[in-house]
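Novice: Residues per chain are reported as follows:
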Amino acid sequence: MRFLYYDKIDIINKGKDIIGVKTFSLSEEFFRGHFTKKPLIPGVIYIEAMAQLLGWLIIYTHNFNLSSIMTLIDGVRVCPDLRPGIKATIHGEIINTNKRDSLGRAWMTVDGDEIARINRIIYSHFHNVDSDMLKRWFHYYSGIDVRQ
Amino acid sequence: MRYLLIDRIKEIKDNTIVGVKNVAMSEDFLEFHFPDRPVMPGVLLLEALVQLAGWFTLKKTDFTKWFLLQDITLCKFYSFALPGDQITLTVENINDTSFKGIGEVDGKKKVVAEFSGIVIDVEEVEDREQQKRRFETLIRQESWK
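Line by line, the protein sequences give chains A and B. Using the working numbering, the letters of the first sequence correspond one by one to residues 1 to 148. Using the working numbering, the letters of the second sequence correspond one by one to residues 1 to 145.
No wet-lab data here; the hints were simulated from the structure. Each hint can be trusted.
Straight-line C-alpha distance at most 27 Å; calculated DSSO-like pairs for lysine-lysine:
{"hint": "1", "chain 1": "B", "residue 1": "Lys-65", "chain 2": "B", "residue 2": "Lys-100"}
{"hint": "2", "chain 1": "B", "residue 1": "Lys-59", "chain 2": "A", "residue 2": "Lys-37"}
{"hint": "3", "chain 1": "A", "residue 1": "Lys-37", "chain 2": "B", "residue 2": "Lys-132"}
{"hint": "4", "chain 1": "B", "residue 1": "Lys-76", "chain 2": "A", "residue 2": "Lys-16"}
{"hint": "5", "chain 1": "A", "residue 1": "Lys-99", "chain 2": "B", "residue 2": "Lys-76"}
{"hint": "6", "chain 1": "B", "residue 1": "Lys-132", "chain 2": "A", "residue 2": "Lys-38"}
{"hint": "7", "chain 1": "A", "residue 1": "Lys-38", "chain 2": "B", "residue 2": "Lys-65"}
{"hint": "8", "chain 1": "A", "residue 1": "Lys-37", "chain 2": "B", "residue 2": "Lys-65"}
Bear in mind the structure is a predicted one, so any value in this text is a computation, not a measurement.
Throw the hints in and build the complete structure from the sequences for me.
Specialist: The structure is reproduced here in C-alpha cells:
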C-alpha cells in the first residue's frame, strides 16, 4: 500500500489555497477489511487526503525549507458510508502560517456535494529538511516541477 | 495491507475497552510515511481508536451492531508512534454513538480523540459469526485457546 491519498494537484496558490483530486477505486488496499461484505471508504482516509494536500501547500509556501506534520484537528465531519467509484475534489486553505506552525481548514466535494470537512487543522513545522528531496517528491506527487 | 488496526483486546468493561496495536517495521504504510523516517500515520492511530469503538459496540449489542465514524470534536497528536512500539488504546463509551479515546506507548500519550458516529447492523458489512470469531481471537477467549 502506498500511503498517498491524492492523485494530483490542480491549483496551488502560495500562502492561500490548494485544490487537488482523489479518486477512490475498488482496488484500494483499505477495502481489505473495511469491509468484507461492503466496501466503505474509511472516514480517516478523507482526513489524511486533506492533511496531505494542505501539508504540501504549507511546504510550498515556505519554499521547501521546512516540513509540516498534523498535530491537531477539530470540527471534523466525514461521510460514514460512501462506496468506491467516486472522484473527490480536495480544497485546502491556509488561515495563518509562520515559521513554527500553520493553521488551516479543508473540505472535500463530489459533484459539488460536501463529503468531508475539517474546520481547524494545525501543523507543526520541522526545519531539519532536505529541500531538494522535498522538491523531487513534490514534483512526483503533484506533477508540478518546482526545480530550477 | 489488511485494514485491521487492533491486534488484541485486553479488557472490556461496561463503559471502556482496552486494546493493543503493535507497530511493525513491515507495515506497508511506513514506506511512504515517511520515505526516510518511518512514523505511524496519525489518522491510523485515530482509526485504531475507531475500530476499538467498533469492537465495543459489537460486544455490547450481542454481536449485532458495528460503529462507523462520522464526527470528530477534537483529535490531538502528541508525539510519533514508531516501528517497534506497542500502542495501548483505551476507549471510553460516552453514549451509544459517542466515544473518548487515548493511545499511549509506555505510558506516554500519543493521541487523544473525542469522536462520534453511526451504529449499523454488523450484517450489513460483515458476516456476524465471522466477526464474533474475530472478536474471540482478539480477546483470547477460552473457546479459542
